[in-house]
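In order, the protein sequence lines correspond to chains A and B. Heads up: the first sequence begins at 1 in the numbering used here, then just goes up one per residue. Heads up: the second sequence begins at 1 in the numbering used here, then just goes up one per residue.
The set of hints was computed from the structure by calculation and includes no laboratory data. Keep in mind that the hints are not guaranteed to be accurate.
[As the list claims (entries may be wrong)] List time: in silico BS3-like cross-link candidates among lysine-lysine, alpha-carbon distance up to 30 Å: (1) 459/A x 152/B; (2) 203/A x 138/B; (3) 152/B x 138/B; (4) 426/A x 225/B; (5) 138/B x 255/A; (6) 225/B x 202/A; (7) 179/A x 202/A; (8) 455/A x 251/B; (9) 130/A x 251/B; (10) 112/A x 152/B.
The structure presented is a predicted model; accordingly, all values stated were derived computationally and were not measured.
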Amino acid sequence: MWKKGLGLGLTAALAIGTAACGNSSNNGDASASAPASSAATSSSTASAAPSKASSGDKAVITYWTDDRHDQEYIKSLIDKFNAENKDNIEVELTVLSENYNQSVDIAFSSNKAPDVLRLKSANTETFVKKGYLAPIDAYVTDDMKSKFGSLLLDGVNTFDGKLYSLPNSGQTLRLVYNKDLFDKAGIANPPQSLQEMVDDAKKITAAGKSEGAYGFALNFKNPKSAFDRSIREILSLSGYQGLGYDLKTAQFDFKPYGQVVDYFKQMWDDGSVLPGAETLDIDPMRAQFAAGKIGMYLSFATEPGVYKDQFPTTINWSAALAPTLEGKQVGTSEIVSAGTWLGISDRSKHKDAAWKFMAYMYQDDFLTAYHEQGFGISVVPSIAEKAKNPDIPGMEGFLVGEHDSIWPVSPSVTPEGANYGDAFFKYMLSGGDVNKVVTDLNARYNDALAKAVEKGDVKIQPNPSFDPSKLGS
Amino acid sequence: MTRWTRLRENSLLLLPSVILTVALGIYPLIWVLRYMFYDYPGYGEETFVGLENFRRLLRDTAFWESVRNTFVFAGGKLLITVPLSLVLAVILNGRLRGRHFLRAVFFMPTVVSTAVIAVVFYLIFNSYNGMVNQLLMKYHLIGSPFEWLGPKHAMLTVILAAAWGAVGNYMLLFLAGLQSIPHDLYEAAAIDGAGPMQRFWRITVPMLGPVMQIIIMLAIIASLKGYESIMVMTEGGPIGKTEVMYLYLYKLLFPVATSGAPADQQFGYGSAVGFTTAVIVGIITAAYYWMSRKMNKVF
Numbered sequence: 001m002w003k004k005g006l007g008l009g010l011t012a013a014l015a016i017g018t019a020a021c022g023n024s025s026n027n028g029d030a031s032a033s034a035p036a037s038s039a040a041t042s043s044s045t046a047s048a049a050p051s052k053a054s055s056g057d058k059a060v061i062t063y064w065t066d067d068r069h070d071q072e073y074i075k076s077l078i079d080k081f082n083a084e085n086k087d088n089i090e091v092e093l094t095v096l097s098e099n100y101n102q103s104v105d106i107a108f109s110s111n112k113a114p115d116v117l118r119l120k121s122a123n124t125e126t127f128v129k130k131g132y133l134a135p136i137d138a139y140v141t142d143d144m145k146s147k148f149g150s151l152l153l154d155g156v157n158t159f160d161g162k163l164y165s166l167p168n169s170g171q172t173l174r175l176v177y178n179k180d181l182f183d184k185a186g187i188a189n190p191p192q193s194l195q196e197m198v199d200d201a202k203k204i205t206a207a208g209k210s211e212g213a214y215g216f217a218l219n220f221k222n223p224k225s226a227f228d229r230s231i232r233e234i235l236s237l238s239g240y241q242g243l244g245y246d247l248k249t250a251q252f253d254f255k256p257y258g259q260v261v262d263y264f265k266q267m268w269d270d271g272s273v274l275p276g277a278e279t280l281d282i283d284p285m286r287a288q289f290a291a292g293k294i295g296m297y298l299s300f301a302t303e304p305g306v307y308k309d310q311f312p313t314t315i316n317w318s319a320a321l322a323p324t325l326e327g328k329q330v331g332t333s334e335i336v337s338a339g340t341w342l343g344i345s346d347r348s349k350h351k352d353a354a355w356k357f358m359a360y361m362y363q364d365d366f367l368t369a370y371h372e373q374g375f376g377i378s379v380v381p382s383i384a385e386k387a388k389n390p391d392i393p394g395m396e397g398f399l400v401g402e403h404d405s406i407w408p409v410s411p412s413v414t415p416e417g418a419n420y421g422d423a424f425f426k427y428m429l430s431g432g433d434v435n436k437v438v439t440d441l442n443a444r445y446n447d448a449l450a451k452a453v454e455k456g457d458v459k460i461q462p463n464p465s466f467d468p469s470k471l472g473s
Numbered sequence: 001m002t003r004w005t006r007l008r009e010n011s012l013l014l015l016p017s018v019i020l021t022v023a024l025g026i027y028p029l030i031w032v033l034r035y036m037f038y039d040y041p042g043y044g045e046e047t048f049v050g051l052e053n054f055r056r057l058l059r060d061t062a063f064w065e066s067v068r069n070t071f072v073f074a075g076g077k078l079l080i081t082v083p084l085s086l087v088l089a090v091i092l093n094g095r096l097r098g099r100h101f102l103r104a105v106f107f108m109p110t111v112v113s114t115a116v117i118a119v120v121f122y123l124i125f126n127s128y129n130g131m132v133n134q135l136l137m138k139y140h141l142i143g144s145p146f147e148w149l150g151p152k153h154a155m156l157t158v159i160l161a162a163a164w165g166a167v168g169n170y171m172l173l174f175l176a177g178l179q180s181i182p183h184d185l186y187e188a189a190a191i192d193g194a195g196p197m198q199r200f201w202r203i204t205v206p207m208l209g210p211v212m213q214i215i216i217m218l219a220i221i222a223s224l225k226g227y228e229s230i231m232v233m234t235e236g237g238p239i240g241k242t243e244v245m246y247l248y249l250y251k252l253l254f255p256v257a258t259s260g261a262p263a264d265q266q267f268g269y270g271s272a273v274g275f276t277t278a279v280i281v282g283i284i285t286a287a288y289y290w291m292s293r294k295m296n297k298v299f
């Protein structure tokens with residue numbers, strides 16, 4: 001009998017062990033076992049230099065980026081740097097295909113960190129908190145200070161008074177619309193208000209449904225990603241911070257967010273949204289837009305490049321400012337991912353060489369060419385003034401204008417339970433009381449905010465006089 | 001060979017397995033057991049929070065919904081895979097023409113990457129241009145696209161995809177079990193006048209008992225732990241309808257980056273969820289093993 005008991009116990013222990021190992025490898029990954037898997041994801045590595053330096057004097061520095069759209073251009077700049085620099089520096093470029101943040105984590109935990117990193121406004125703060133980045137205050141020249149000075153934001157470029165990165169280009173977000181479908185539905189202009197957007201989506205669907213064309217779509221497979229490229233802009237242009245944060249009170253308030261979601265829900269209930277949008281990633285959605293099946297969606301200034309190279313299309317499309325809650329542009333359209341470009345690793349053994357490479361990349365000529373070739377829209381005033389507009393079909397709609405500006409930073413917190421994207425999308429599909437969703441989100445996000453402030457991870461400062469109409473002026 | 005030499009040799013031979021087990025099994029396990037009492041986003045200080053992660057787990061409705069979804073997913077997958085793989089194994093164990101070719105065909109999905117299977121199923125079942133909807137609409141069986149991956153039917157579709165990928169594997173295990181059954185038993189039964197169905201129920205099924213017990217246990221563990229195909233097809237959506245335990249856990253540890261405010265990795269809470277899911281899987285497996293103990297007794 002005891003043998004049976006022992007067998008049963010061992011089986012249970014084995015099962016728990018097996019299962020625990022299955023998930024604990026996920027846990028442990030971050031520090032221990034994942035380098036192997038990350039090596040696979042970085043198989044798209046594009047090495048700019050054919051071989052590692054063999055001479056002892058040569059400083060070999062590595063640059064990691066997850067930007068794929070500009071890799072040929074960046075590679076050409078690096079090749080030029082490697083051939084021409086007199087300091088015996090060689091730069092190796094690594095373009096990661098995906099899981100960039102995780103790969104950087106693994107690289108730092110296994111002492112294989114790159115010397116120079118591509119920074120985005122969504123990861124810079126985390127990288128600074130994790131101690132990955134070196135301040136560059138000591139390196140920045142007066143010329144650079146005057147060139148970038150007005151753009152340097154606390155919480156984006158500087159943390160605790162130290163500077164970590166300089167800006168280059170940013171992304172505007174727009175309503176992307178299919179002019180052919182608009183014409184077919186008898187609509188002359190893109191919608192100014194959300195009510196117009198709901199009405200237009202209905203008309204486009206009525207006119208195009210028989211051929212599989214619908215009024216609206218977004219990549220709802222990941223609702224937060226879908227809303228962060230749409231509602232964020234609708235809100236900022238309507239005068240509200242786009243991620244649910246109230247700059248006046250320094251608290252989260254998702255009420256305006258809920259109002260926008262109600263219009264999205266209306267389109268869903270009307271049947272104006274492409275069937276299956278809840279399973280769409282961004283690229284399959286773009287493929288459907290390129291095939292003329294979607295009337296409108298909202299996204300970044302990367303879209304012209306996508307329809308030029310990735311999904312070449314014959315449809316007649318354009319981009320316009322996002323619609324607003326009331327049809328009036330009370331605020332400005334937020335330029336996102338604008339604050340940062342390159343940063344230097346705190347672990348780098350060649351920080352001086354890394355800075356030389358970084359300074360080289362920030363030359364006026366290169367920043368200008370970056371804008372003119374359409375890789376990103378320059379946010380540096382001295383560059384934006386003299387650079388020519390990129391010659392890519394559709395880009396004209398995305399260029400920075402009087403209604404665009406960078407917004408103050410909002411704190412990033414991780415609440416308990418569902419994020420705002422999942423919570424609002426659930427409301428869109430299954431209904432309920434939007435006020436309850438808003439109250440629940442406010443409670444959970446403000447709770448997480450209070451904890452983050454208490455812990456010292458986040459600093460907040462109410463700004464009762466904040467006026468969205470003054471942004472950009 | 002002295003006793004000590006043999007001991008040294010044995011230890012040396014065991015060493016690689018021991019090192020691997022410790023590094024990839026024991027160490028992560030200890031890591032999880034420690035971090036489940038901490039709040040740790042992957043940077044800064046680790047804060048000891050006692051049982052707070054488990055209290056949060058109790059009030060985390062999304063997690064318990066994912067547990068429920070896991071049972072539905074695992075139950076559905078088992079109900080399809082186990083009987084189907086047994087039937088296929090019995091058919092392909094007979095003297096069917098082309099059985100070797102068919103065995104290879106049915107086993108093929110097992111060697112295909114789960115992610116690839118999921119992408120193919122997505123192409124077949126997605127609402128906007130999936131092949132199934134196009135066929136059904138072409139023959140006017142449906143008027144507008146059917147939401148195979150919508151909130152109501154997504155679970156069924158992901159179960160089908162997972163079952164399709166698993167049937168061949170279990171079929172092969174059943175085939176091995178079938179081939180170990182002495183042929184004399186069938187001959188004796190046939191002489192006694194037993195028909196094919198009687199032979200199946202009275203000889204094949206009981207004789208397969210021990211093999212079946214193990215196969216079902218493996219299938220239970222695999223179904224409870226499976227999330228890869230779901231991650232590719234629906235990412236747990238729409239609105240959490242296909243969110244299973246391990247996918248929920250994965251997202252806590254590796255949140256998806258978007259252009260908006262980034263989400264922190266939640267190693268502490270993730271460890272508590274990981275431990276709890278492992279205990280759930282362990283309890284179910286042990287309970288099954290206990291309940292199925294009679295299957296082990298053939299003679």
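Checked hints:
1. 459/A x 152/B: Distance of about 43 Å is beyond 30 Å: violated.
2. 203/A x 138/B: This hinted pair holds, its Cα atoms lying about 25 Å apart.
3. 152/B x 138/B: Holds, at roughly 23 Å.
4. 426/A x 225/B: holds (25 Å)
5. 138/B x 255/A: Answer violated: residue 138/B to residue 255/A is near 45 Å, above 30 Å.
6. 225/B x 202/A: violated (43 Å)
7. 179/A x 202/A: holds (15 Å)
8. 455/A x 251/B: Holds, at about 23 Å.
9. 130/A x 251/B: holds (20 Å)
10. 112/A x 152/B: Status violated; Cα separation ~46 Å.
The structure fails to meet hints 1, 5, 6 and 10 from the earlier list, while all remaining hints are met.
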